[in-house]
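Visitor: Sequences and hints are given; from them, build the entire structure.
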Amino acid sequence: MNVLMASLVVVMCLMVYMNVFMLGMNQDESNSAHLKKLSQNFRKAEAVEAANNPNKDPLNRRIVVLIANYRDSKRCGETVESIYSKASRPDLISVSIFDQLNFEEGEQRCFDVYCTLVGEKECRRSERLRRNDTISYKDAKGPTYGRYQTEEGVDLKVDTFAMAIDSHLIFIPNWDTDLVSQWDSIKNPKAIITVYPDTTELYPKPGDVQQVVTMMCHARIESDTDDAMVQIQLWYC
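Quick note on numbering: the sequence shown equals residues 1 to 237 in the numbering used here.
You may find that some hints are simply not true.
[Unchecked claim] Once the Cα atoms are required to be at most 27 Å apart in a straight line, the calculated DSS-like pairs of lysine-lysine come out as:
{"no.": "1", "residue 1": "Lys121", "residue 2": "Lys74"}
{"no.": "2", "residue 1": "Lys141", "residue 2": "Lys74"}
{"no.": "3", "residue 1": "Lys157", "residue 2": "Lys86"}
{"no.": "4", "residue 1": "Lys190", "residue 2": "Lys74"}
{"no.": "5", "residue 1": "Lys86", "residue 2": "Lys121"}
{"no.": "6", "residue 1": "Lys205", "residue 2": "Lys190"}
{"no.": "7", "residue 1": "Lys190", "residue 2": "Lys157"}
Hint data in this document are derived by calculation from the structure and do not stem from the laboratory.
Guide: Next up, the structure:
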């Protein structure tokens with residue numbers, strides 16, 4: 001009798017397990033179908049947007065570069081020069097800059113320094129400078145606020161991509177088409193690309209192919225203030 005009861009219990013357990021297992025499989029299939037449908041909808045929406053907005057077609061997607069400049073105009077001007085001189089399609093790039101300067105010391109705005117470097121005609125101020133607000137450094141409220149202000153220069157009707165950077169970077173040749181190609185390879189219209197720039201000592205020489213990449217091992221918030229920043233430890237591999 002005990003053996004019979006035990007056998008019945010085992011059979012019932014197996015039946016419950018099989019029902020749960022089949023339910024899980026059906027749920028997985030349902031989730032997979034749902035994700036596939038979402039992906040297809042994203043693709044359709046992207047295609048419709050490109051058809052309705054020629055500024056966002058695959059060959060003419062615009063990038064707006066957002067720069068918060070805190071008393072770093074010399075290097076900021078060099079950064080803007082690097083943005084345009086190293087780009088494959090400089091005609092598709094605009095900048096939005098928020099300068100925080102010491103007026104008493106005669107500090108210049110970032111884009112003014114850039115125009116001094118390349119000449120007023122070559123800097124194409126009216127074409128490239130989307131927005132440029134300037135305040136005293138005494139009124140600055142931290143990097144997060146400064147970067148937020150640069151976003152006022154984003155035009156959703158024109159721009160496909162927005163890229164926030166520091167005011168002191170050196171770009172590699174063809175940086176714009178390389179980034180767009182990487183983004184396209186992800187095949188996710190909601191993807192965000194982020195990078196922790198290498199030191200300029202590792203800047204590749206002409207013709208060289210980069211052999212190492214950075215890997216973020218861990219990060220921590222450096223303080224408990226409202227404008228806290230993230231400190232990152234990197235390895236090269």
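Visitor: Compare the structure with each hint and give your call.
Guide: Taking the hints in turn, this is what the structure says about them:
In summary, the hint linking lysine 121 to lysine 74 is supported, as the alpha carbons are separated by about 19 Å, within the 27 Å threshold. Proximity of lysine 141 to lysine 74 is assessed by CA-CA distance (about 21 Å); at most 27 Å being required, the pair is judged to hold. A distance of roughly 26 Å separates the Cα atoms of lysine 157 and lysine 86; the hinted pair therefore holds under the 27 Å criterion. Taking the CA atoms of lysine 190 and lysine 74, the gap is about 35 Å. The hint is violated against a cut of 27 Å.
Simply put, lysine 86 and lysine 121 have alpha-carbon atoms about 18 Å apart, close enough for the 27 Å limit, and the pair holds. A hinted pair counts as satisfied when its Cα atoms are at most 27 Å apart, and lysine 205 with lysine 190 does not qualify at roughly 33 Å. Taking the CA atoms of lysine 190 and lysine 157, the gap is about 17 Å. The hint holds against a cut of 27 Å.
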